[in-house]
Amino acid sequence: MPLFHEIGFVLNGSPIRLSVPVTMTVLEMLRGPLNLTGTKYGCGEGECGACTVLVDGLSLNACILLAVECDGREITSIEGLAADPAAAGLRRAFVEAGAVQCGFCTPGMVVQGKYLLDTRTGTDRAAIARGLEGNLCRCTGYRKVVDAIERAMGSTEGAGGD
Amino acid sequence: MHNSDGSNTAVTVRAYHVPQSVSTATALLAQGEAAVIAGGTDLVPQQRTGSGTWQPVLVSIRRIKALRGVREQAGQLWLGPLTTVSELLCDPLIARYAPVLARAADCFASSQIRNAATLGGNICNASPAGDLLVPLMLLDAEVELSCSRDGVISMRCLPIEEFLVGPGSTQRQPAELLTGIRLPLVDAARIFVFEKFGTRPALDIATVSVGLLAVAAGERLQQVRVALGAVAPVVLRARAAEAVLEGRRLDNEAITAAVAAALEEINPIDDVRASGWYRSELVCNLLTRVLRNAVVS
Amino acid sequence: MTEKHEPVASLIGQRIPKQDAPEKVNGRARYVHDINLPGQLVGKILRSGRLHARILAIDVAAARALPGVHAVITAADVPTQTIGVTRDNPPLKGDKVRCERDEIAAVAAETEELADAALALITVEYEDLPLLLDVAAAREAEAPLIHDDKPGNIALQFDYEHGDVVKGEAESDVVIEDRFGLHYVTHACMGVSGVIADFDDITGNLTLYSNTQVPFLHKREFAEVLELDPNRIRIIQPTIGGGFGSKLDIYPFEPICVYLARAAGRPVKLVFSRAEEFLASPTRQPARVLLRSGCRNDGRLTFRKVDMLLDNGGYTSWGATTPMVMMQTFSSLYRVPHCLYHSTAAYTNNPYAGSFRGYGNLQATFAVEAHMDKLADAIGMDPLEFRLLNAQEAGEVSGQGMHFRSCGFKDCLRTAADRSDYLARRQQNIEQRSTGPVQRGVGMASMLHVGGGAKIYPSDGCGTILKLDDFGHVTILTGASEIGQGSETVLSQLVCEELGLPLTSVTVVNNDTDITPWDVGVHASRTTFIAGNAAVGAARLAKEKILKAAAAATGQPMQELDLRGGGIVQRQDGSTLMTLDKLLRSMHFQDKADLVITSYYYEPPSVHQDDQHKGDVSAAYAWACQVVEVEVDSDTGVVRLLKCTAAHDVGRVINRLGIEGQIEGGIVMGQGYALSEDLAIRDGHCLNPGFRDYKLITAPEVPELDLSFIETMDGEGPRGAKGVGEAPAICVAAAVANAIENATGVRIYQLPFTPENVYRALRAAAHDPPV
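Chains as they are written, first to last, in the working numbering: chain A, 1 to 162; chain B, 1 to 297; chain C, 1 to 771.
Next comes chain A alone, as it looks inside the complex (with noise of 0.2 Å):
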């Protein structure tokens, strides 16, 4: 029988209580108990980015972030974005640049991106380049994910606005 721990975080703008096992990661917790598929499990050790979420408002690798590490700290994944009116500019711009086919990595791409956006304004296109070597994608060749970053952070209204 693991170790269970209890932990209290916000999850999608919205406090959470939970108790999991100590060993389990942010990436089983979220597809596991809290039912939160958006999240993908690409690898399993960080070299993908496919399970990137927002931890305090930095990017990081659920797949190899305990969950009892994020004990008192603020979650985002893919589904805090959707229903989040600043990410909205980043996700019109990601379908309508042509960023999403088989969308596996897309999760991970627009949280990426959300951080990208976060992070770096003024940012050149290789500079959007080198912010996603952390995020695989086997389809898109990146072209238009960089596009689809490139416009959200061109966007006059910053990345909101439904």
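Simulated from the structure, these hints should not be mistaken for lab results. From a predicted model like this one, the values you see are computed outputs, not experimental measurements. Ideal Cβ placement from N, Cα and C applies to all residues, glycine included. Any given hint could be a false lead.
Derived list of chain B stretches under chain A, where covered just means 3 residues or more per stretch with a C-beta under 8 Å from a C-beta of chain A [said to hold, decoys possible]:
| no. | stretch |
| --- | --- |
| 1 | 15–28 |
| 2 | 55–63 |
| 3 | 201–215 |
Ranges between beta-carbon positions, derived for each pair [unchecked claim]:
| no. | chain 1 | residue 1 | chain 2 | residue 2 | range |
| --- | --- | --- | --- | --- | --- |
| 4 | A | Gly154 | B | Gln73 | 40 to 46 Å |
| 5 | C | Ile176 | B | Ala95 | 55 to 61 Å |
| 6 | B | Gly247 | C | Ala137 | 57 to 63 Å |
| 7 | B | Gln223 | C | Glu631 | 31 to 37 Å |
| 8 | B | Asp251 | C | Asn297 | 50 to 56 Å |
| 9 | A | Ser14 | B | Glu162 | 48 to 54 Å |
Given chain A's structure and the hints, the job is docking chains B and C onto it.
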């Protein structure tokens, strides 16, 4: 029992602590069978692939404020072990006094990893290829190790070269906590180069990395430091190469001699990333290039 | 009442966002990994890890006894059916194991931890057998026999001939011969393999949640393997996390999951870990190619003679049939009067290969395009002129019987060359070699691939059912699967264009064999062409029915009416006579209710190849030419891809946004094949089953891309379109090889061009061979 990727959970975590102070943390470590977790970017994947096992006691140090920060103190730059790689990239003191460390931070993994990975974690993981270890070696870094005995905390300081013993192996005793990193501040302007070989800007375990740090006194280099990553069991201070270069004009002859000396010091292995022969070739060519560029600047 | 109507812009050629993009962006798309059925158990497979051994005993008693474990199965517990292209692969191995991934046993348990624990309790006794790891040794008399019924370890052989290569060689002024080595890579789809098997406890019918790319074919094959009635199998295709050909064959994990579900009496979900994905997925077919070609001094190609050895691994999957595509390239990429092709696929204890975007064409093109540059050089002709001289034109029939009705080959060559300044740069690179270690080079390569389906199964068709409701909403039920390539958006465009409806009025249903009509599957870049024509066929039938009713309703002759902007319009001046939805309701609610529901099955007018492999196997063919610019650092061997200028004959652009995405993604996949991806199979074992050491191209490594679409308006394609899914990946590596030669003067004949490989090749060529 096995984890989903086959790793053994015969030993599972039986206790999890989040101490708020160094004294509480070291007291926990003193009880034994404990592992420290900071960013978890090495520890957690190692459990998943079965190359490590969880210790019965897991001590999370992320709440210990005394382990954070970057500040000048007494002619040194003090870095908290919880400083993340992202913070190294942006910190103004690092930019001013240890830009080679920021340069290496820029070659580190991905932004998601950089946001979590810590300086202390990278040091204690002691990878032969550790991206941050090469600059730390160049900067004559020292590590502070603290432990408590009978409620009293004692600290010792070790040069990083002594601290790193072998692949994944350090001088840290199980009851010790890495509580600080010290970099001597140097008055003179220094030239630095850090080159990590690869086809990607980052997201690569280094096949070979080369670092140079020196004071440029006219056309001569002084206080030369040369460090090489992924070509020996630990990140290597290429002292023979340094000796060739110290106080000397950087002409072709000096560069050739220095590179030859460095090649004698390394012991690269064959692995899935590269052959030992190729690593030697890279050291030769990259170090030559690094030294030639040092001349130019 | 009439209204002046503004002309409505055509949907064809526009930039249309993918219909399922919003749900994917919101994290709401449900992949197989995200689906959980009530009562579901976790399935896991025990793999041998051993390369060649007889299985003496398997002891599952302890595993079965573990509480929470509901089923443990071995070969002894399941039907003795085999799967795979030549049916040589038992899902669970009973007598021996033949490669690292071999499946020994499987468990279904309540949790992942319990499933892992059960696997750990299974003990297997083996008797090791000698290993066969080098395919070159496979046919020798002393070689270990991998399958008892396959003497000489021969899996499949192909022979093809047109003309007479002896005559061709005699006519040649230049003859060259080279060996090429093509390596193992893997699909590395971002979504790992997974399947859910669910038997209905009352009817006993099976529902499979599977990411198969060929659901209707698999329905039939599963029925055989599982000894079930095929009409009691339903395949539902969840959103897929990438295909690229990896899901064209049945692989052991799927029948195993079904056997587990049957044994446990509960639904079972079986999902790979990423390491397992690398270890157990089919690879791209590796190949050793001996190519001998010739030409005359006037530049005309004379012959190609090919001898190919393919490592078939432990079992036969689609990789062994890639010669069927490779011979098309050798026989028909450029005009070649004489061609002889032979390939042997032989068993070894290495991993086995499946189908992978391009299906052998990358390997064949790599050899052909190297020789195009070398032959041109040998006769002193510039490589563009040499290619143009031998490039086919519309109306030609190749030696293999392929009719090139629409052909933009020369346009592709000229466009790619012009836009990249190919000739001038190439010359400049040769004349002005830089003094430092970094050199630039440009290289060109072309490709030919089927663009109108491929008649390799009894039917190459696709069915569509179209339903219009009372409000003008159209539902397209198509057999064609969406695997991320944007087929549902293209089909929507084609249908809405016919019916004059906005794209907001369409639903596509494409993922349930109980609902959709038959389609052979997503392969051979066929979906836009075949499914598109099926959809257009159904739409035209619907349009005819509607206009007939409209004629009666308006008193206007049918031929003067059209459907535009959601209404019935006067064809000549575009004025709206009535809205479509009003007409539909009137058709429905009259005395003889007439709903607009139509169906159409499109079978392309291609033919099956004869037993000489000759015939017009596709209804259309596609070409592309790519020019790449590289930078080679001879100090490190690093090759950077700076730019790719691509010109693709696509027939007609239907969705400009979608087609760009396909081309960009394909080029980057080709870039990975050329430069960074290398599945390290050493002594039969995969040493890099993870993204840390299997290097996909990342965002900062993507080159500058310049894309041109050559619209040759194919007569058979929907609105003139041809298939494009595989094309962009096919000639990148060949172009890079030519570019490296331009940069360094050194031609490298083996992939991949990883830094160490390139460094060694450059050193060897400089007569300074590696230690």
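Now for the hints, and whether the structure bears them out:
no. : hint                             : verdict
1   : 15–28                            : holds (count 3)
2   : 55–63                            : holds (count 3)
3   : 201–215                          : holds (count 3)
4   : A:Gly154 to B:Gln73: 40 to 46 Å  : holds, 44 Å
5   : C:Ile176 to B:Ala95: 55 to 61 Å  : holds, 57 Å
6   : B:Gly247 to C:Ala137: 57 to 63 Å : holds, 59 Å
7   : B:Gln223 to C:Glu631: 31 to 37 Å : holds, 35 Å
8   : B:Asp251 to C:Asn297: 50 to 56 Å : holds, 53 Å
9   : A:Ser14 to B:Glu162: 48 to 54 Å  : holds, 50 Å
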